[in-house]
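*Asks:* Take these sequences, add in the hints, and give me the full structure.
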Amino acid sequence: MRIVLSYPNFQFILYSYIVVTSAFNKAPSYIQALMTVTLTINNLTRELDLDPGTRLIFVLRDEFALNGAKLGCGLEQCGACVVLVDGQPTYSCTKPIGELAGKHIETVEGLVDDDGHLHAIQDAFLELNAAQCGYCTAGLIMRVKALLSDNPKPSRAEICAALDGHLCRCGAHPRIIDAVASAAAKLRVRER
Amino acid sequence: MPANIERTPRLDRWIRVEENGTIIVSTGKVEIGQGIKTALAMIAAEELDVSVQRIRVQTADTEITPNEFVTAGSMSIEDSGSAVRVASATARQILLELAAEKLDADVSSLTVEDGFVTSTESNEQTDYWSLHSGNLFEVDINEVPSLKDPHTYHTVGTKTTRTDLVAKVRGDVAFVQDLRLPHMWHGRLIKPPTANSTLVECPDVIDLPGVEIVRDGSFVGVVAQREELAVTAAQRLAARVKWQSEPLTPAMLGIPAYLRTHVSKSLPVVNGMPLDEPVAEHVRPIDAVQTLDASYYRPFQMHASIGPSVACAQFVNGKLTVHSHSQGVELLKRALADVLDLSLDRVRVIHAEGAGCYGHNGADDVGLDAALLAIAIQPRPVMVKWTRADEHGFEPYTPAAVIDMQASLDGDGRIIDWCHDTFSFSHNGRPRPSPGHTNLQTAWWRGKPITPVPRQPAMMAEVGIHRNLEPIYTLPHKRLVKHFVAHSPLRTSSLRSLGAFANVFAIESFMDELAHAADTNPLEFRLAHLEDDRAREVLDLLHRRAPVLSPDDNAGRGIAMARYKNRQTYCAVMVDVHVDYDGQVRLDHAVISADAGLVIDPDGLVNQLEGGFIQAASWALKEQVTWDHEGVTSRDWESYPILTFSEVPTIETYLVDRRVDKAMGAGEASTGPTPAAIANAIFAAVGVRVRELPFTPERVKHAAG
Ligand code: FES
Ligand code: FES
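Chains A and B, in that order, are what the protein sequence lines are. Residue numbers for the first sequence follow the working numbering, beginning at 229 and rising by one. Residue numbers for the second sequence follow the working numbering, beginning at 215 and rising by one.
These are computed hints drawn from the structure, not numbers from a lab. Every residue, glycine too, gets a C-beta built ideally from N, C-alpha and C. One thing to keep in mind: the hints can contain errors.
[Unchecked claim] Chain B stretches covered by chain A per the calculated footprint, using a threshold of three residues with CB under 8 Å from any CB of chain A:
#, segment
1, 247-260
2, 303-317
3, 336-345
4, 387-396
5, 440-451
6, 593-607
*Replies:* This is how it looks when you write it as structure tokens:
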């Protein structure tokens with residue numbers, strides 16, 4: 229079907245299978261290969277009927293209204309979308325949900341405890357104002373969580389090596405590196 | 215009286231007191247990661263005597279906030295900061311007069327703590343929020359109220375937690391991307407190979423049900439109820455559309471020669487101001503003992519925001535609303551109204567944060583993309599995101615520049631003659647009003663195209679190509695020329711510090727070359743030509759804080775300094791590098807010293823100076839936009855790499871705090887000195903002078919011969 233919408237000084241041509249107006253409020257019914265996928269995100273388990281090829285980031289952001297995973301490149305090059313899958317840092321921008329059944333997905337929202345207390349890593353980022361725009365922050369925090377559970381006392385070089393899969397355009401690097409060291413110290417004290 | 219108060223004198227446009235004890239401060243500026251919300255909250259809290267936590271800063275919304283134009287040029291603290299200070303002091307005065315009446319006391323006997331007002335005579339108390347009622351602030355600010363003595367400040371100048379960060383570390387709604395309007399659709403674009411391409415073939419349908427294709431001339435977009443589907447549709451469609459393009463001219467390698475040979479206008483620059491006069495012929499002084507020439511080059515570089523540009527738009531009953539991370543919502547509103555033929559009252563642009571970029575990136579363009587898609591599927595809102603390749607390929611870049619320097623020294627090693635010629639393209643590509651033209655790129659591609667705003671040389675003081683073309687040094691004879699080249703192969707606009715980056719890179723590299731020619735130490739050489747005491751103090755501070763330099767053979771240290779726009783923050787930078795045998799430059803350590811006048815938010819200031827250093831170091835070492843006859847080829851982070859965590863040096867920053875001097879913008883102060891300090895350090899390390907950015911291993915090896 230071809231619809232021509234005209235509007236003051238110009239014309240749009242809108243090609244579509246469905247008439248736009250009637251699609252308003254319609255339940256989504258257009259995905260080809262639907263499958264029921266069971267996902268556990270931040271300890272919450274939900275069943276979803278989705279194409280198993282759907283990338284995790286869109287499910288997190290659009291189905292679960294979680295903001296932590298940010299779309300940066302969609303190419304595994306910037307780290308803005310990093311979340312943990314069974315504790316492993318994972319680029320949610322490319323991860324198909326079909327591969328995630330039975331696995332535990334953790335986002336930055338999941339770090340806040342039930343009483344609303346922030347995780348030591350979040351606290352450290354705040355205390356050191358370890359950001360400028362903060363677009364890279366949530367992905368970094370997840371990477372740091374994985375780093376500190378493997379290596380509770382990383383050196384500066386180890387911190388940098390771990391964060392090299394993440395880009396920050398604002399140049400907040402020095403304070404981010406300091407925040408990781410500070411979070412590590414906080415966690416070691418808490419563990420004692 | 216601050217100019218922005220004169221423009222918007224009504225007090226309640228700036229400050230409102232809520233019943234629950236929150237104080238809302240409105241600004242026409244926007245948060246771009248520079249921490250302006252926090253700094254303005256501190257200024258208001260200080261004048262009002264409340265805690266920073268009580269303040270909520272409302273940033274630009276064309277229907278609510280005062281019009282404070284663009285958030286650019288490091289002017290927010292000076293423009294909005296001084297306006298908020300005056301508005302807050304006025305509000306305080308009104309509230310105190312009311313309190314005096316209520317408590318039956320003299321205003322001078324009142325003390326205020328966190329908004330609670332106490333009479334020292336009777337000990338009776340009231341507070342701002344119970345005093346404030348109805349139309350109390352519906353008054354004009356006609357005179358500057360008495361302002362707090364900076365020596366008594368207890369909030370301004372202290373460290374505080376950035377007010378916007380809590381949401382960002384928690385994953386709460388913080389960015390445009392996080393808006394989820396009811397029934398919102400998602401849009402993606404099918405961008406042409408180059409800005410001059412024409413669409414010749416486009417399928418009418420796509421084998422994905424529920425996806426709409428929106429076409430208007432060579433503008434092609436897709437909309438879908440689900441984001442994933444919009445992404446897939448755009449990818450499939452991109453593989454099937456056909457374009458016809460003209461090659462981008464001139465070719466990449468020809469840029470330096472082209473800049474020198476295609477000058478549209480040459481303008482002498484005097485006291486930071488270009489003059490519409492012929493350039494005087496240059497005569498070399500007869501007492502010159504040595505004359506040095508050097509040419510420097512900066513390629514096209516990009517903002518390269520971590521989040522690609524995005525906008526959310528909705529068109530209901532003939533009214534357009536756009537949520538945008540544009541740095542100039544008023545300009546965008548105007549441009550959208552012009553392009554879409556809507557009256558101004560039918561367009562509203564609301565700022566919401568995006569990823570940091572420090573300049574004019576794709577934010578405004580995607581605003582029009584979203585508007586076009588929203589009109590096509592009205593009344594539904596649509597969230598439109600550029601892809602990484604869209605952003606890298608179509609954001610307006612900072613222009614390439616060639617800088618030719620020449621100077622003569624007398625027998626005492628003093629500069630007696632100084633020539634500086636900068637050849638470059640326009641930095642002025644924001645969507646400003648211009649009848650019959652527009653800078654919103656998508657409008658160039660529509661069925662009824664509107665052409666770009668013709669580029670003209672900027673003629674104000676210290677802008678565009680000639681920003682910081684004027685050296686800070688006191689020199690007996692100067693010949694400064696700005697050469698404006700109108701036609702650029704790539705679209706260009708404003709990026710952090712504009713021409714200052716290239717000019718200061720050239721000036722401060724050349725000062726180092728001259729110091730070596732005069733057989734003087736670079737610091738002494740600078741001081742010998744520097745009369746500005748504040749500049750001398752910043753250099754001295756840098757020198758005093760210098761750590762011990764590594765004794766390694768291939769290690770070296772370089773310094774550089776400038777005063778941004780020759781009227782804002784003074785900043786000096788010292789960099790220690792190691793240069794490997796294969797030409798790889800490693801930044802070991804950096805020291806920054808700065809004088810930004812009164813320091814409002816010291817931690818924020820350090821963050822800005824260090825962030826500016828890192829962005830500039832990234833431009834200096836790694837970045838350049840590349841293209842071939844088919845279009846821009848640096849379309850992702852592999853082909854356009856930026857500095858990584860491992861490549862960032864340790865940094866120490868020292869501030870000169872001047873309580874009684876005016877606060878000056880600092881967000882762009884460290885960018886200019888940085889590449890020069892690095893180049894000078896490379897020379898000190900291995901005796902190789904690099905004059906072409908970026909200093910890649912190949913360039914360093916090539917310069918070594
Ligand atoms: S968005 Fe996933 S790595 Fe960039
Ligand atoms: S803080 Fe802006 S990208 Fe890292």
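*Asks:* All hints are to be evaluated individually against the structure, with a verdict given for each.
*Replies:* Results of checking the hints against the structure:
1. Residue count for the segment 247-260 of chain B with a Cβ under 8 Å from a Cβ of chain A: 3. That meets the three needed, and the coverage hint holds.
2. Here's how the segment 303-317 of chain B fares: 0 of its residues keep a CB closer than 8 Å to some CB of chain A, so the rule of at least three is not met and the hint is violated.
3. Counting residues of the segment 336-345 of chain B whose beta carbon lies closer than 8 Å to any beta carbon of chain A gives 0, which falls short of the minimum of three for the stated coverage.
4. Taking a C-beta to C-beta cut-off of 8 Å, the segment 387-396 of chain B contributes 6 residues in contact with chain A, enough for the three needed, and the coverage statement holds.
5. Restraint check on the segment 440-451 of chain B versus chain A: 5 residues with Cβ-Cβ distances below 8 Å, three needed, restraint holds.
6. With 4 residues bearing a CB less than 8 Å from a CB of chain A, the segment 593-607 of chain B meets the requirement of three and the coverage assertion stands.
Of the numbered hints listed earlier, those contradicted by the structure are 2 and 3.
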